[in-house]
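Student: These are the residues of each chain, in order.
Protein chains: 2
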Amino acid sequence: MHRAELIALIRQRNTMLCVGLDTDLQLIPKHLLQAEDPIFEFNKQIVDATIDYCVAYKPNIAFYEAFGTKGWIALEKTVEYIRSLNKPVFLIADAKRGDIGNTSKMYARTFFEHMDFDAVTVAPYMGEDSVTPFLEYKNKWVIVLGLTSNKGSNDFQMLRSEDQFLYEHVITKTQQWGTPENLMFVIGATHPEKFKEIRSIAKDHFFLVPGVGAQGGDLNQVCANGMNDDFGLLINSTRQIIYASGGEDFAAVAQSQALDVNLQMKQYIR
Amino acid sequence: MHRAELIALIRQRNTMLCVGLDTDLQLIPKHLLQAEDPIFEFNKQIVDATIDYCVAYKPNIAFYEAFGTKGWIALEKTVEYIRSLNKPVFLIADAKRGDIGNTSKMYARTFFEHMDFDAVTVAPYMGEDSVTPFLEYKNKWVIVLGLTSNKGSNDFQMLRSEDQFLYEHVITKTQQWGTPENLMFVIGATHPEKFKEIRSIAKDHFFLVPGVGAQGGDLNQVCANGMNDDFGLLINSTRQIIYASGGEDFAAVAQSQALDVNLQMKQYIR
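Just so you know, the protein sequences line up as chains A and B, in that order. By the count of the working numbering, the first sequence reaches residue 277 at its end, each step adding exactly one. By the count of the working numbering, the second sequence reaches residue 277 at its end, each step adding exactly one.
Careful: at least some of the hints might be erroneous.
Because identical chains share one entry, a pair is satisfied inside a single copy or across any pair of copies.
Unchecked claim - Calculated pairs, EDC-like style, for lysine to aspartate or glutamate (alpha carbon to alpha carbon, straight line, at most 16 Å):
1. Lys37 with Glu120
2. Lys112 with Asp31
3. Lys147 with Glu120
Derived by calculation from the structure, the hints in this document are not laboratory data. Just so you know, these numbers come straight off a predicted model, no measurement behind them.
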């Protein structure tokens, strides 16, 4: 998906919401466990209920890998199902990959050729040759970890070097490799006070923002400080939406939770 | 596998060699493509030919994921096959994972419970809660990326902060989370001049050393500067061994390449 299409989609659906699909057999409603493929069945119903009220989905690949081959099949089926609906939506493989060049190429092939994702999250620790293979695909995106939402983000990302934090070095340096058309950054909502500063060093790039909801990030502060003229944010919510109900009504409740988030976001979208 | 078992194995087999299993359908001998599962067939023959001459195997997970479900099945079969031989060997999932705590837990489950790996490589960028879930398993290991072998290692790992390089911060800080019994570091052979210094800040930890062979690292310098009293090194070689011949003799040639590497290593093992 082009940047222009993504922007148009946000305007059309009136939301910057990305729904996380971290599907865990231990957390999905019990009645689904009798389905032939419970993971896929859960995803399908969540997607059916929310696709008109979000602009992106983000399966975290760990949750699928944990079930081995079965999980992998469920992931492939989920992507195919979403694409079969013929409704534009931005698909993010939250994989946090990053390896030497020839290996990153393999990962790019997995998520961009074998499966039809629009974007992959990538860890920057290994530097340029771990990121650039993902940038060689037209209309595909890399989302580089900048400042993450977890507690451990304080351990290394906040180290200062030459008057910049490590995450600022990452955000600055990677802009030499990609453009606002193919490079986004993960910026956690748990650091709302940092958004203004980060926006000043990455004016046109989209940020994927986890950490709103269950992790405690403040949506209003994130929007107020992080948006740019092209919206510039994809706000992820996972547990607050997909696990809002553990009953047979889970999909309907997920939809109403999505609508709730959108209502909070509405004032920022024009 | 315990640290003591690993040390005994190195002594018994007279080698610190780890064979990389980066199995790529485009690189394996053509005659194998007719097999029912070419990836597994290649791995099986490589393992049969080399297991007595190495102490570890390291499949890079990217190569398996690139083939989707089929690749995943081949990986599971490979691990099961190696374990069925009942010969001790250290199995490393080169996955370079790293995510927020509850996600890292899923990855740990995948590689330690679903499959019987001894160790997983982990990227440190996201800090403590991305590493510690892997440390909760008895006799299992985390191998944290320290100073990697690729060109991109210069981009961020070499940033200086408070008189230390980032990779030194990583090596120092993670030692608060793990011990020499469950924590190793990836240190690339392409930085042989750094080994003495790194050994001085991680005296008892094993280092997994990629970059010997195709990537140009110098085995002698690595051994001379990187070993400790318990050997302390696992030296990885991939392409130089598994792709040494593209013919029907590939397994025999891989074996003789392994023996070659071992010969160079022999003077350091006593």
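Student: Each hint needs a verdict: does it hold in this structure or not?
Tutor: Cross-check of the supplied hints:
1. Proximity of Lys37 to Glu120 under the C-alpha cut-off of 16 Å is found in neither arrangement, the shortest distances being 34 Å within a copy and 23 Å between copies.
2. Within a single copy, Lys112 and Asp31 get their C-alpha atoms only as close as 29 Å, which misses the 16 Å cut-off; across copies the closest is 12 Å, which meets it.
3. Proximity of Lys147 to Glu120 under the C-alpha cut-off of 16 Å is restricted to the intra-copy arrangement: shortest distance 11 Å within a copy versus 34 Å between copies.
Of the numbered hints stated above, the single one contradicted by the structure is hint 1.
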